[in-house]
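Sequence order for the protein chains is A and B. The opening residue of the first sequence carries number 1 in the numbering used here; numbering runs sequentially from there. The opening residue of the second sequence carries number 228 in the numbering used here; numbering runs sequentially from there.
Just so you know, these hints were derived from the structure itself, not from any lab. In this text, all values refer to a predicted model and were calculated from it rather than measured experimentally. Hints are not guaranteed to be accurate.
What the hints assert, rightly or not - Derived contacts from chain B toward chain A, CB cut-off under 7 Å, selection only: (1) ARG277; (2) VAL299; (3) HIS300; (4) TYR306; (5) SER312; (6) HIS316; (7) MET318; (8) PHE325; (9) PRO332.
Cβ coordinates follow ideal geometry from the N, Cα and C atoms, glycine included.
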Amino acid sequence: MLSADDLSALWVTFKLALISTGLLLALCMPLAWWLAHTRWRGRSIIEAMIMLPLVLPPTVLGFYLLLLLGPHGWVGGSLQAMGFNHLAFTFSGLVIGSMIYSLPFVMQPLTAAFQAAGGRMLEVAATLRASPLDRFLYVVLPLSRRGFLTAAVLSFAHSLGEFGVIIMIGGNIPGQTQVASIAIYNHVEAMDYAAAHTLAAILVALSFALLLLVYGLNRKFKVVSIA
Amino acid sequence: MSIEARLQLQQGNFELDVTLDLPGSGVSALFGRSGSGKTTILRCLAGLERHAGIDLRVNGEIWQSQQHFVPVHQRPLGYVFQEASLFPHLMVAKNLEFGYRRLPPAQRKVALDETISLMGLETLLARYPQQLSGGQRQRVAMARALLTSPRLLLMDEPMAALDQRSKAEILPYLERLHQHLAIPIIYVSHAIHEVCRLADYLVLLEQGKVQAQGPLQQLLTQPDLPLAQDADAASMLLATVLQHTADEMSELQLPDGQRLLISRLQLAEGQNVRTRILARDVAISLVQPQFSSVNNCLRVELEQIEADPHPGHQLLLLRLAGQPLLARLSRRSVSRLQLQPGQQLFAQIKAVALD
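Input sequences plus hints: build the corresponding full structure.
What follows is the structure, encoded as structure tokens:
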């Protein structure tokens, strides 16, 4: 029932969600830590910039990314000058777009978790001979696991359903940049409702299973709250 | 062996300017109202707050000076916070081991199982902090701090957040600490009865300044300090339980051999106790009274007669068995008996509390 293109679209979707979520968590960890504890006055500028992808239409985001990553953009142009390829219509470009698109969903829970895990618990750990890195690894991280899981789930789920940004910067190349949401759109355009159905149902089931898992874990370990 | 600290700092409107010279053993209490700077001093000693105007030397080792700052995690100290602040994600056993495991084995001077039994934690090891009562949590926090084999133990009102019952539950453990540990303890408190029970040395703080510092007994009874001027002014006498009598009394012995009789208590003979005697419960007699119901009539020497906040009263500083004792008499009694410093007198003590 699933065509080879459909299967590869699902695979690209999954790969994209996984890679962008992983990279986002790693990159946001230091940024969120800094944001949670800085007393710098300009922090609100950073906070506003981080929240921007939440309110912008995905097409606007995609449009600027296309300009930036394409052959004539800062990033794409510089890459080409150095002998690499530009990033428009590539999987790497998709990952970058997806990361920016999901940025607020990772930063928000992480910053909140780090704010809660800082303070007194860190002082206690310091008086118990824990060095700064030790404190981060053995006190902050375990106390923030709730924030990490929330961030990971939101980012992953958000990436699964992405459409606007991808169509702008990734185009529609089967096997490379065509994700499930775009494949569904193509099937509908071609009046192939049966194929659209199959793919759409798979996405519904997948997303539901994911959320079920999270809420199940939540009940067992009390680790996630998606507010 | 001592703790020498000089702290000068400004926080908003609050100015702290103190010089401390605390003994290298026993319990030193920082006593004062809220806002007097007690907690700030403790946090500065720990290195939790970093300010330029601090010099700190502990047993000859420089912890902070103008050029030098030892970070908190490298200072051999234990810190007990007002709220127990146990790690919520770790069981009691893991909380206890947190600091212990971070010490090189050669530096572990305090044994794990010994501390667990000292603080009565045997049955709590497999529990999470949320499953403990307030008093139990604070006991775990104290044990956790001890297990880092500190050379200085800092305690920030460890009983302030507890209800009356938990306080009563925890005090005996604090006293055990005092008796078993050779390390100096700095104890922040605004409750004078806690201080009387635990401290050896007292620092009186008032709005970021040291009002007085010295041995507890001396400061409690120094007539020009607010403690002696208070309506509930009291002296603390050290005594030993001598024996229990057939008529349900207990005899305490003072260092000079004189005895104090109190209602019978559940204490072992030979145990050292601290007694608290309110200044208003002490009466004076020139000769040993023979027809009085007061059992305790002890030889004292009058050292000093000072004014009392009440114009009709005077404060008498007496010496009993080498320890200072405060008496509050009416001005009329003082002049009627023609009391003079240097006189040998009898103090009739109406009530003795072991708090």
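Results for each hint:
1. ARG277: violated, 12 Å
2. VAL299: Hint on B:VAL299: holds, closest Cβ of chain A at ~4 Å, below 7 Å.
3. HIS300: holds, 5 Å
4. TYR306: Status holds, d = 4 Å.
5. SER312: holds, 5 Å
6. HIS316: holds, 5 Å
7. MET318: For B:MET318, the interface hint is violated, since the closest Cβ of chain A sits about 13 Å away, which is over 7 Å.
8. PHE325: OK, holds: B:PHE325 within 7 Å of chain A, min 5 Å.
9. PRO332: Nearest chain A Cβ about 13 Å off; hint violated.
Comparing the model with each numbered hint stated earlier shows that hints 1, 7 and 9 do not hold.
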